[in-house]
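Here the protein sequences come in this chain order: L and D. The numbers in my numbering rise by one with no breaks, and the one at position 17 of the first sequence is 17. The numbers in my numbering rise by one with no breaks, and the one at position 144 of the second sequence is 1144.
Be aware that one or more of the hints could be misleading.
Straight-line Cα separation of at most 16 Å, EDC-like style, residue types lysine to aspartate or glutamate; simulated pairs [stated by the list, open to error]:
1. L:Lys332 <-> D:Asp1237
2. D:Lys1203 <-> D:Asp1237
3. L:Lys394 <-> D:Asp1034
4. L:Lys487 <-> D:Asp1312
Think of the hints as simulated: they come from the structure by calculation, not from any bench.
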Amino acid sequence: MTMRKFRQAQWEEPIIFELSREDRVGFSVPALEPEIADAMDDIAGLVPNGMLREKPPGLPEVSELEVLRHFIHLSQMNYGVNSGRFYPLGSCTMKYNPVINEVLAGHPKVTGIHPDQDEASIQGLLAMLHELKQGYLEITGMDDASLQPAAGAHGEYLGVLLIRAYHADRGDLEGRTEIIIPDSAHGTNPATAIMAGFKTIEVPSNEDGGVDLEALASVAGPQTAGLMLTNPNTLGIFDSNISKIAGIVHDVGGLMYYDGANLNAIMGKCRPGDMGFDVVHVNLHKTFSTPHGGGGPGSGPVGVKSFLADYLPVPDIVESAGVYSLDWDRSKTVGKIHGYHGNVGPMLRAYTYMVTMGGEGLKEASELSVLNSNYIAAKLKDVKGYSLPFAEGKPRMHEAVLSAEKMSEETGVRALNVSKKLLDYGLHAPTTYFPLIVPEALMIEPTETEPVEVLDEFIEAMKEISDLAYSDPDDVLGAPRMTVVGKLDEARAAHPRTICLSWKTYCRMIP
Amino acid sequence: MNKPHPYMPNSVPDIKEKMIEEMGIKSIDDLYVDIPVGLRFERELDVPGPFTEAEVKKHVSGLLERNWGFAAPPFLGGGVWPHYVPAVVDEIVHRAEFLTSYTPYQPEISQGILQSIFEYQSLICELVGMDVANASMYDWATALGEASRMACRLTRRSRVLVPSIISPRRLSVLRSYTEPVDIEITQVDYDKTSGQLDLEDLKEKIGSDSASVYIENPSYLGFVEEGVEAIAEIAHDSKALFVVGVDPISLGLIKPPGEYGADIVIGEGQPLGNHMNFGGPLLGMFACKSDTKVIRQMPGRLIGVTQTLEDDRRAFTMTLQTREQHIRREKATSNICSNQALNALASAVYLSLMGPQGIKDLSELVSGRAHYAIRRLGELPGVRAPVFSSFHFKEFTVQFRDKTVEEVNQSLLDNRLHGGKSIVGEFPDLGETALFCVTESHTKEDIDRLAYALEEALEG
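Sequences and hints are given; from them, build the entire structure.
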């Protein structure tokens, strides 16, 4: 296979402030109607003493076309699923973001809706959200849900608040101070538990990458508030002991929290609600194809078993005789977690995706995501320098974690270098150095939307990198070279003397 | 499903078969052996669909068409406002290179979003008068929660003071963010005539346990808080931080918090180029002063300038990641990971288009129209607008003497107008009062129509 050549666009784009010329404008603001202007005092004169802005903000003065070109140039110096070639960023489920979802999400009868409009005027929107929730409950096997969390970590926070509220309600919170978290967990899990006022207890993984049952049993007790777990876990392995794990936690009175980051592997195959989980969150921006937007917005709805429903945030969307309304009456609600109803734009995209796929389609999406990741794992695990640690011979789910430990020891080429070299092929890097229990980790999640030809190309690139590591390691160590910029001085970015987080600081720093 | 699916290229049966064969397995089921038999989901998922693109377009549009569309934008604010979004903003946020990328963990191939977010941070700093802004929080309410927690970390104290005139929803979110870590919330009273924060009450309630004094400017009920310098002094005298929440559109006219002593500035960035979308996605703004100790306690992502190792070319990268969950885990300043980057991008484009004169003109236009509306509505018999005597920016309270807000709003709806938000439940002391909002999207004609319709409602 001859690999395609890649060169990222490079515009040497100035910072927007550097494009500024006095008195240029990018937008014309309408004038106040003369009838108003004539009849009323000048508004600036009405502003109370000392509260008038005397100097306009130091924003740049740029014409419309220049602003447009500036940001289009910047976009061309960026890499997306729909515009790039392959985005196997493990744990992030970078699947195709369907264009029709964007078209529908731009409908003025969504974009122009204010959250406090009369319910009679938003029946269509409420119906859509209600149907999304019903689909969510079916897919996760839960009894009730809140769509309010704006991201996965936000959902986690709500989830742990619900666990907290449950124990508090039973007069049992004082003793229940600990959340158990496996050592393979996402960083958000321990950060969330601490944020919600708990201590974290780490449990080690067993040889198969699953939770070590003995270790779990030894730390679970009357002080356990809950366990946070993702299944399949971050190694991409389904923990077959899940019912036993749930049993241990439930037996001591703790609750089971499901981090749904990896749901893409199991839609229509099994459900967190059937595995013994009490609370779940799902990332709509992963499994339900809503775009990641350069870092957000996401959406992280939280589902619960019925005994936790009373604690869910308000308002809930309810239906009665075909009429939808917002119900603010939840007897034991934890309150609100978002100023309004969460990220409705992404929810509409997720809904569109869900019904486009249908039940069978969602299942096939999971199956093909699993097929694709195992295909890559099968073809790379024996390539020189790489290995597939944990659970030899066991299938992976939607993602697989390779280790470049051997390569690192033998050639000095580390996982990070492999990742950077992949960029030179026009392929995005996998997630590196995560999970923490795998040395020199390369976490690869191809998703179901990639053709086998792209998988083959990635495999070929990984093989070439292995060859290079052993024949000409400097080539790999010097990567990337085909991207907008080469290696960066990260230390400079963070050093107290050189740190620069705004144009204002930048101007002060350059002579 | 045997028919190939357009989103799944390997759903072609021959391709799937060949892959399975090459992997030496018999079927995809072999890959799911680890799911215990008892846990396998044996029936089909009961969700609507599948639909083709044309079908789904018809289905979803059909649902949305059930929402009412009026000629005049809603006269609603309170945290989400109907401002105009320039076409260039929508054009940029739909670029697939931005839209379908994720957090720039690989800076070399992600300079576009990194520079854009650096520009967003910079533009926000100019607008609010601070030195450092983060890459975004989920919304104003969660930014308030995070700011309060940050103030407690910095001061090692555990009580925050907030005004009594505050959005009850923001307050509820604040509770969700503070209760689990035993942060106490104290509400400071207001002057019943002007609505202004009661400084005597503030002095009485502040103490050596107070981490922050928070105000909103303009306030939830639309008036501008005037005693800001005195409030800053009271806060700082007690070694508490001064936290200010803003509507960024007001900052073309109103003095920015950076000029009156704010230590942390937060706010809702939605009006800067983001559609209302039923209240989300929004954009939590978060800015502070240039102080290393303070910055290290900030939540969320930060983009900084650096240079290439090889040839010293300017470049951008995420920095101070040691504050964040993926590096620090349980020691992180917040668990936030996904943020509102695309909304931040929209705001960067918006502020670049506006420029200093544009934001000033817009701010004056918005407030000018709002004052016209105040005059028009206030002239109606049985109407008091606004309730408080202070200067209002774009939102204002309207009190009805002879009708309930519910009756008035129903009558306005019949005239195809969305009236103000009822605050009867939120502020029972204010009687039958609604919070109205006017922006540049409301023309004089819209405001006149509102006044006529309101008159009719009050007569009926």
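- Item | 16 Å limit on alpha-carbon distance, applied to hinted pair L:Lys332 and D:Asp1237 | Distance ~39 Å between L:Lys332 and D:Asp1237 Cα, so the pair is violated.
- Query: Given the hinted pair L:Lys394 and D:Asp1034, is their alpha-carbon gap at most 16 Å?
  - Reply: holds (8 Å)
- Message: Does D:Asp1312 sit within 16 Å of L:Lys487, going by the straight-line distance between their CA atoms?
- Response: Distance ~10 Å between L:Lys487 and D:Asp1312 Cα, so the pair holds.
- Message: With the threshold set at 16 Å, check whether the alpha-carbon distance from D:Lys1203 to D:Asp1237 stays at or below it.
- Response: Within the cut-off at roughly 10 Å; holds.
The structure shown violates just one earlier hint, number 1.
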